[in-house]
Amino acid sequence: MKPFRFKAIINDRPVELLIPPNRRLLDLLREDLDLTGVKEGCGEGECGACTVLLDGRPVNSCLVLAPEASGRKITTIEGLASAGRLHPLQEAFLEAGAVQCGYCTPGMILAAKALLEENPDPDEQTVKTAISGNLCRCTGYVKIVRAVRLAAVKMAGKGGGR
Amino acid sequence: MNSESRGGKGPELTSFPEGPGFRVVGRSLPRVDGTAKVTGGARFAADCKLPGMLFARVLRSTVPHAVLRRLDAAGALSLPGVAAVFTAADIPGNNAVGIIVKDEPVLVETGGRIRRIGDPLALVVGESEAVLEAALAKIKVEYEELPPVFSPLEAMREGAPQIHEKGNVQSVTRIKKGDVEAALAQAKFVVTHRYTTQMVEHAYLETEAGVAAVENGLLVIWVSTQNPHYDRREVARVLNLGQHRVRIVQAPTGGGFGGKLDISVQCLLGLAAWKTGRPVKMCYRREESMIASTKRHPFVIDYTSACDGEGRLLAVKVRIVGDTGAYASYGPPTLKRAAVHATGPYEVPNVFIESFCVYTNNPPAGAMRGFGVPQIAFAHESQMDLLAEAVGCDPFTIRLRNCYRTGSVTATGQRLTASVGIEETILRARARAQELGIWRGEP
Amino acid sequence: MEGGTMKKRGVGVGCMWYGIGNTGVPNPAGAFVDFLDDGTVLVLTGCADIGQGSSTVLAQIAAEELGVNMEDVLVVAGDTGVSPDAGATSASRQTYISGNAVRLAAQQAKQVLLEEAAEVLGAPAGELETASGFVWRNGERTSLALEEVLSRCRAKGKLSLGGGSFNPAATQLDADGQGVPYATYSFATQVVEVEVDVETGKVSVLRIVAAHDVGRAINPAAVEGQIEGGCVMGLGYALLEEVRVKEGKIENPALSVYLVPMSLDVPEIHTIIVEEEEPSGPFGAKGVGEPALIPTAAAVANAVADALGVRFYELPITLEKVVEAVHGS
Amino acid sequence: MLPSFHYYQPESLAEALNLLADLPGPKKVLAGGTDVIPALSRGELAVEHLVSLKKLDELREIRRVGANLHVGALVTFRELVSSPLVAGFCRLLGEAAAAVGGPQVRNQGTVGGNVVNASPAGDLLPPLFALGAQVKLCRRGGERVLPLAEFLLGMGKTMLMPEEILTEVIFPALPGGAASSFVKLGRRNSLAISRISMAVIIFRNRQGRIEEARLALGAVAPRPVRAERAEALLKGRCPGPALLEEAVAAIAETVAAILGRRASAPYKRVAVKGVARQALLRAVPEFGKP
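Residue numbers (the working numbering), protein chains in the order written: chain P, 78 to 239; chain B, 313 to 755; chain H, 229 to 557; chain C, 8 to 297.
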């Protein structure tokens, strides 16, 4: 196995690493970069806990071979808050009570972020569809959907958010 | 103090208005651990890394009922990167855990009994996760298979294969009030059915995980758990340590629903860290989590209920058999609780309830959100609807006619003296269902 | 039948009661509450917060009892090195039992301060309260700051630490199952509306009304969160979830084949919090974690029976079972 | 943790085809990875060489060429959902793509992968069958175009040779007046494998009379099947509730015959009626109007 030179922009910072090519993006983020906000729930794309944004779109990082993500822009939950200020989605999740055990939360927030960037005013069904690849066993999703719509309102108030 | 890290959310929600009355209680304040969870900063057990850390994984049985004849780990030990393979012989203390009954081995001993697929046989410890899989494949195991039993009803029969020394019926609960047979004979309507419920997985999103280290003679285990103090008792006993030498720190826990009340990685991690002197990490993969963890008890419920012409309950007679699988775990209290709740929230003058917690060679069932009550609620609520049909009234009416009120006496003879809100919940649920157009019946 | 498809609607009711705490056995919890020098508060509890929010609720109870801001309470939970045993996070017991333990511990810590303040103010301790960093007398703020009281306690070597323990008043059941297995009970009624496609067998849960008597809701949003999550887990129990075991072997040990509800499977959920205060509960609270789920499957089964006129005696009510019941095998 | 393999990122299709032709031993093409990666991690797939198509941007296009639509193998499900060309000329393909997995899988998974994977429950296959799709297979020094119906051999089996790459799917664009739909029945509403799926295309004349109906069913056989009896029965008639019932019954009979004594037969031969009813009604609402 020839090592692979992995280069990407992760959370707005350039990253360059030599990796074995059989590394999953999930493991690269968690093990090599200590971005442990990316969670593993099932390892087969069935729970969405490992969701990251690849060029702004949510993917399951457990199903992405790391070299496939090379050259691209990757966002994890660690890349959302800036200068100690929470992203409106993070604020909304707190305010709406959308967090219980918290294990699905990073992936949920990232799936929602991708939605709001595309559709700043989604209705309930659109939000449900956008998070339909993210399993939450605690909340029943109700407050998560509410939080995403609350974040949309917050972001509209701030002229589109970040 | 950094209020943000504890989830304080600014003056509007949390400032303290001066004066009497509730100020904090009754308010929807944000979670104290919320900020860490929305930023990815919360370190769950699997997120922890310690210098020089080893990794561990369990070899599990592939047969449901057998005697473990021989276990040969030489092949695994010869692999580079394998630090150790531990078996039951390495356990310094008592090799048995369980919240109610200590009937479950931490690792099955040679010559000892395997009671289910997934029983832990050996613990492999290595320098990387990668080496563990190969090492597990190189351990040779010889079983002497025994006849299994998978149906709790069969397990209760005479002559069934015996899974534990004290027999297959782990516990029995009986509740008697009044004279059921006489009441049944006089009742206008009697309804009898058998209800069966399935085995269910907790499916917490975070699988079982922990990290252990020995620090200044103290064994510290960070672990996803619902009961750290129970974990401490078990780890101390299994490792033959004073309880003061074991510190369990509950890591942020990604859901439990009852499934993280049992010992999973705790004792194995303790063993590995104590014996190697190095930090050790152990995380179940999803498949292992689903195979190894306890489940919701499948029930077989025979339910007879009887009422008079107006739908007033006269008698309830129930027999519950719960399949607790290979180990008791929380089986006995689950079946006891099911018995206590078997009438539903209704006052019944004549009651006879029996519940049995039964061993089989199935995956063990333990605590899961509701402890046997969701199962029995399915039965008693179906019965209430059947009685309502027989009487010719609607489902709300029959429930209002029978539900507990202040002063009611339960099947166990307890008089309810305060905070009996069942009637209020029925009335308010019905009113809302009417408002929403879900329920179109009489107000 | 609606819209040219073979769909039938039905409504079902499910009621439940649930004893808070372990069944007929002692199950105490302990807690410590300590005032720090600056008037902020440390709560030590063995109670494991597994996502349900106990640390938040216990902080609220301590803050309420002591009259401090939530920001000024730190809950250190589930560390056997420092926190007393609070028993298991199970049986919907922690708000009631650990909640009482924390409240008692807070009262004890407060009593130390009030006795000290009584000396300073020359007033009976019974007339005094702590709030907003000051000592209050008969509802009026005095000029005595808590920091000052604490400093006087320190100077005298008095600990500002309170310990609390609570064990619910329950008894063992006798041979006939008679006794008081629980000190208090939560209650609930859920009404479920379903739509059943009689050809595909698909049961869609459209709406749930969930009315839960939880005693006083310490944190209503958290209570709602429990109820909403419980309803969804309950509909998984009713319709989807089953560990298939053959000869002792689990046939579906993966989330691709063991299906639980996702966001698009979730109905409208209308929660109603009924607050029948429990005199022995902390500020009247009982519990909600498990009650949230208990009536759902029962109500779904009753709703399906209402829709189809055919009743199911076996869970889960799968596509195949519905079709078989309606059309025969 | 994945097993070891050699990994390649060819810069062009020609380079990729050369690699496939020259590499010895078990090899696999990697497109979206949503099936390959879990198969590798479960140990179900053993490869020595993994050839990534990541850099072959020419396979990411959806083009209209004359009367045909060409969908590149690397077009993702999501791109199908949002493509104006798909919305205009083969809406049912977009509907099927929207029914796949969840958003993450739709962002990653590709048309080529779905076809090559040849799952009986593959969601794009019934619409592609109904559209009369062909697949283009390239290898070093040659290419061939096969009807999808010939390409798919059964459960996980296709005509694809180890040195070939499926580069695009080609089918005639539907005219503006064609009605179409796709309906999927799963145990839950996302991340579910189809229990049954159905694609419908119906051409009608000005009077509303059905000129041609194409009905393709998924997950009732190893490959999608056309409900030919029902197609014939619909031809020349006007949609309405009575015709709907006739068609549904005919589809159910076809499916019952295919399923035979399979364990799923008692369920699916009834359930297909519900799926067919929904699919026909969605395509042509007049089926519900007396």
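One or more hints might be untrue.
[Unchecked claim] Pair by pair, the computed Cβ-Cβ distance ranges are:
1. B/G387 / C/M8: 48 to 56 angstroms
2. H/V253 / C/A263: 52 to 60 angstroms
3. H/D402 / B/K361: 50 to 58 angstroms
[Stated by the list, open to error] Capping the alpha-carbon separation at 20 angstroms, the derived lysine to aspartate or glutamate pairs in DMTMM-like fashion look like this:
4. H/K474 / B/D706
5. B/K361 / P/D198
6. P/K150 / C/E170
7. C/K62 / C/E170
8. P/K84 / P/E121
9. H/K236 / B/D384
10. H/K384 / H/E423
11. P/K79 / C/E18
12. B/K450 / B/D384
13. H/K477 / B/E454
14. C/K143 / C/E22
[Stated by the list, open to error] Stretch-level coverage of chain P by chain C, calculated; a stretch enters the list once three of its residues show a Cβ under 8 angstroms from a Cβ in chain C:
15. 108 to 114
16. 222 to 231
Derived from the structure by calculation, the hints contain no laboratory data. Don't be surprised by glycine CBs; every beta carbon is placed ideally from N, CA and C.
query: When you check the alpha-carbon spacing of C/K143 and C/E22, does it fall within 20 angstroms?
result: holds, 18 angstroms
message: How does the segment 108 to 114 of chain P fare against chain C when you require at least three residues with a CB closer than 8 angstroms, holds or violated?
response: The restraint on the segment 108 to 114 of chain P is violated, since only 0 of its residues have a Cβ under 8 angstroms from chain C and three are required.
query: So the hint says 52 to 60 angstroms: do the beta-carbon atoms of H/V253 and C/A263 match that?
result: holds, 57 angstroms
- request: Mind checking the alpha carbons of P/K84 and P/E121 for me, to see if they're no more than 20 angstroms apart?
  value: violated, 25 angstroms
- prompt: Given the hint that P/K79 pairs with C/E18, does the C-alpha gap stay at or below 20 angstroms?
  reply: Distance of about 18 angstroms is within 20 angstroms: holds.
C/K62 paired with C/E170 [C-alpha distance capped at 20 angstroms]: Distance ~18 angstroms between C/K62 and C/E170 Cα, so the pair holds.
Proximity test - 8 angstroms, beta-carbon atoms, the segment 222 to 231 of chain P to chain C, at least three hits: violated (count 0)
query: Do the alpha carbons of H/K384 and H/E423 lie within 20 angstroms of each other, as the hint requires?
result: Status violated; Cα separation ~71 angstroms.
- request: Given the hint that P/K150 pairs with C/E170, test it: the Cα-Cα distance must not exceed 20 angstroms.
  value: Measuring from Cα to Cα gives roughly 32 angstroms; hence the hint is violated.
query: Does the structure keep H/K236 and B/D384 at a Cα separation of 20 angstroms or less?
result: Cα-Cα ~61 angstroms, so violated.
- request: Assess, step by step, whether the Cα of B/K450 is no farther than 20 angstroms from the Cα of B/D384, and give holds or violated.
  value: With a Cα-Cα distance of about 9 angstroms, the restraint between B/K450 and B/D384 holds, given a limit of 20 angstroms.
message: Can you confirm whether the C-alpha distance between H/K477 and B/E454 stays at or below 20 angstroms?
response: holds, 19 angstroms
Hints 1, 4, 5, 6, 8, 9, 10, 15, 16 from the earlier list are contradicted by this structure; the remaining hints agree with it.
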